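What follows is each chain in one-letter form.
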Amino acid sequence: MQFVADIRKNIAETIYQIDRVTVIAQVTLFMFVVFGPSFWFTVPIYQGALLLSLVFPKVVKTSYLWIVITTVTALALFSEWHSVDNHKWLMLYWGLAFVVATVVSRGDTDALHVFLKKNAWFMLIFIMGLSVVQKILGGAYLSGAFFEFTLLTDQRFFIITHYLGGLPAKDFFLNAEMFLQYPRAEFTLFLTQRVTLIAFVMTYALLLIEILIPVFLLIQKKSYQNFAHLLNGLFIAVVYLIAPVYAFGFLLAVLGIACLSSDSRKLFLMYILLMLVIFLYKVPWFSLYYYFTIGV
Amino acid sequence: MGIRGYFKKYSLWFVPGLMILVFINQLFMVSFLDLSRWKGGGMGMFSTLDDKRTAFVSHGGSAVYLPESLFQYKVGLEILPNAKSADRLWSALKGTLYFNEHGFPFSEPFLRIADLPDSIEIIRALYKQPTLEFIKANYTSIKGGIIEVYAVNTYEVGSGRVSMKRIFSKLYSSE
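Each protein sequence line maps, in turn, to chains A and B. Sequential numbering of the first sequence, starting at 1, is according to our numbering. Sequential numbering of the second sequence, starting at 1001, is according to our numbering.
If you're looking for bench data, these hints aren't it; they were derived computationally from the structure. Treat the hints with care, since some could be wrong.
As the list claims (entries may be wrong) - Have a look at the derived ranges for each label pair, beta carbon to beta carbon:
no., chain 1, residue 1, chain 2, residue 2, range
1, A, 238, B, 1154, 25 to 31 angstroms
2, B, 1091, A, 54, 25 to 31 angstroms
3, A, 110, B, 1005, 16 to 22 angstroms
4, A, 8, B, 1156, 52 to 58 angstroms
5, A, 200, B, 1005, 53 to 59 angstroms
6, B, 1156, A, 238, 24 to 30 angstroms
7, B, 1087, A, 56, 47 to 53 angstroms
8, A, 6, B, 1005, 51 to 57 angstroms
9, A, 155, B, 1009, 48 to 54 angstroms
10, B, 1009, A, 159, 35 to 41 angstroms
Unchecked claim - If the Cβ cut is set under 7 angstroms, some of the chain A residues that face chain B in the computed set are:
no., residue
11, 83
12, 97
13, 104
14, 130
15, 131
16, 138
17, 145
18, 179
19, 186
20, 188
21, 191
Bear in mind that the values here come from a model prediction, so they are computed numbers and not experimental data. Beta carbons are placed, not taken as given, at the ideal position from N, Cα and C, and that holds for glycine.
One chain only, chain B, in its complex shape (with noise of 0.2 angstroms):
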């Protein structure tokens, strides 16, 4: 049988074949590497609360606000929590922006719905995308810091309680 005829032969092997390599290549990654269970092409969207990981740039204690210009380099670095990808948002930041001394990115818009009074004035605030708009911090040049990825630990049910585990961080020195 020459390679045409082996090609015919396993041929409807070939996509189910590839695709049981790529969902155990991506079990690995989430076994070793802490690659978020929901991406890597394994099917485990809906399945676990790797969703809410959060990456946390922070300088003397406070929070750095990230513009949405780097949101990718921060949603790479929750989905795979790594040095490569801590440094590249990393380079991305250095030099070229600026951190919130407040150190609350989200405070401003997020109290003003605390202290809405109901339920339509809450609606009000989220389908008018004006409110969330914020920044009215002073923003100081950043050089150095620390980046960190925090990943819900435990979800308690019928309790609602939260713990929150740190499972990467990295730090970056002024110089």
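Chain A on its own, in the form it takes in the complex (with noise of 0.2 angstroms):
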């Protein structure tokens, strides 16, 4: 056991001493490799400034290396920009933070780290807000209407719906086809109590979370701070696990990290745990299930 324990402190140890400002990069740039916009012209330069980032770690301090980051990146956004994932407007974002943080602070890594950690902090506070805000305006979400309906149609939610939910497969399919035919003026979908319990649970949670966390975020003392990074936590393991927008996950670990002062070792060590969390969720473990059980 002391053998374990060892190795445990060794490598927290190793992970603490790691310089905060490449880690944040290099899981910036991993990032990129993983999540970011797939184009011939972006995917090597993604691959090829992470080698560079773990081979020569020096060069994330450079502005170099993130003006050529986000121009392809920009480049490889810019003629659908209408119909690009929000994810990959903050992954811009986030580029762009770290072209304006290195030339800025001019090789300084205090001042470097200091510039990312506001940029982060802002962030955020405005994926969330801007989250709240937008949910307020759109006018189907507080009446429970959005997160039912979706419950009801959308295929990535099929596991609550029917397992949870109790709704008949073979209705929650009947309802996305009435999508799929040529439209009628009204139809009625298929639902049962309990979704509907559900959706109104996953709603008002959802937004209670989304509402905490910029709140807490703006209040500048350290135990709130700190309550605002375990929410985020938690909004990440529990919301990915659920709908599967992995990049939007990883990417918000990653400003979480970013975000934290150089003596948060708990909740630094938590983000990169979360990370892994993430790829564990890629696993397509409902297929395996039905591999194994009915031989689909």
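Once you've looked at the hints, go ahead and assemble the two chains, each given alone in its own frame, into the complex.
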């Protein structure tokens, strides 16, 4: 047991001794490699940059690297900007934050860290705050309509609707079919009371977390900031277990790490673990389950 | 203070300022140009029923089957329904593709799913991809038609009632 404890201690010590800015930059580049826009001109550049950062860590503190990363990302997103997913916009902003930070800090690691920390802090508040604003402006969220409708029609939520909501699989797929047929003015979806209840809980649980994270981040006391990070961790762990938008979850973890002070060791470790958890979520567990149980 | 001084002083506001500008632009486009609230960099994901917009191409009352190679144009039109997006889809379709005379593009697999007896069979059908493939209709070259985009107008909580509305349409003549 002592042996295991020693290994754990050594790993923890090694992680904590790594320069925080280097870690933030490397996980950012990893995020671009795995979740960034996939074009013939972006992929080799992202991969090359990550490799470079691993071999020569100091390179992440130069602006040239981030100018290249941000320029290719902007070029990739430019032609289809209106249909690009929000997390890709955020990756572009985060790349830009690195460009400005490296230019302004001029090699001063502490200044670079402070700059990135402030930008990440703003971005987390912006993401959560604006998603609350959009939910209110959209008009279909607060009544519970959005989640009830989504649970009944979005294939990504099939597992919840079927197993927790009790909606027969046949009804679920007939719901989806209604949108593929040439449109009728009105129709009625198959529904269970349990789905309505789950939708209500999901609606207000998500809204509450999205309100609390920016509120606690705005309060400049360490305990509140820490609580905001714990909520952010909870958000990543739960939301991306259900909604498979893994890139967004990973980005929230990267911003979370960037937002921490150098002495926040446990939260740092929490975000690293969450990044690994996101990759566990990516495993197609249900396909595997069905493969071994009913042979498909 | 020189340019470098101003840059250093206001640099912290560069990214937040840009994010706010993109958000304002997105709000404008959602309000006046029917952009989907989920898109455009405004953090509107999981906020509205916009995700279920559906673009249809029809000819003489029959729906045209759009192959996967054209889905990028279809999705582009659903996200930002306007004449330019519709023209892009039409240009890709015109003269080169064929339409399903039956008018129910996905009827084959879903009719099969509807006929299946229980949940296990449904899951088997869902996870066994070839079941979802179809194409048993007769195809005819497309010359003229109409492109429409429908969106969910209202959804009634607790009853499952959905009403749809047409948010865009454009007619293309056969010439």
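Cross-check of the supplied hints:
no. : hint                                   : in the structure
1   : 238(A) <-> 1154(B): 25 to 31 angstroms : 29 angstroms, holds
2   : 1091(B) <-> 54(A): 25 to 31 angstroms  : 45 angstroms, violated
3   : 110(A) <-> 1005(B): 16 to 22 angstroms : 20 angstroms, holds
4   : 8(A) <-> 1156(B): 52 to 58 angstroms   : 54 angstroms, holds
5   : 200(A) <-> 1005(B): 53 to 59 angstroms : 54 angstroms, holds
6   : 1156(B) <-> 238(A): 24 to 30 angstroms : 28 angstroms, holds
7   : 1087(B) <-> 56(A): 47 to 53 angstroms  : 49 angstroms, holds
8   : 6(A) <-> 1005(B): 51 to 57 angstroms   : 52 angstroms, holds
9   : 155(A) <-> 1009(B): 48 to 54 angstroms : 50 angstroms, holds
10  : 1009(B) <-> 159(A): 35 to 41 angstroms : 51 angstroms, violated
11  : 83                                     : 5 angstroms, holds
12  : 97                                     : 5 angstroms, holds
13  : 104                                    : 5 angstroms, holds
14  : 130                                    : 4 angstroms, holds
15  : 131                                    : 5 angstroms, holds
16  : 138                                    : 4 angstroms, holds
17  : 145                                    : 5 angstroms, holds
18  : 179                                    : 6 angstroms, holds
19  : 186                                    : 5 angstroms, holds
20  : 188                                    : 5 angstroms, holds
21  : 191                                    : 4 angstroms, holds
Of the hints listed earlier, those the structure fails to meet are numbers 2, 10, in rising order.
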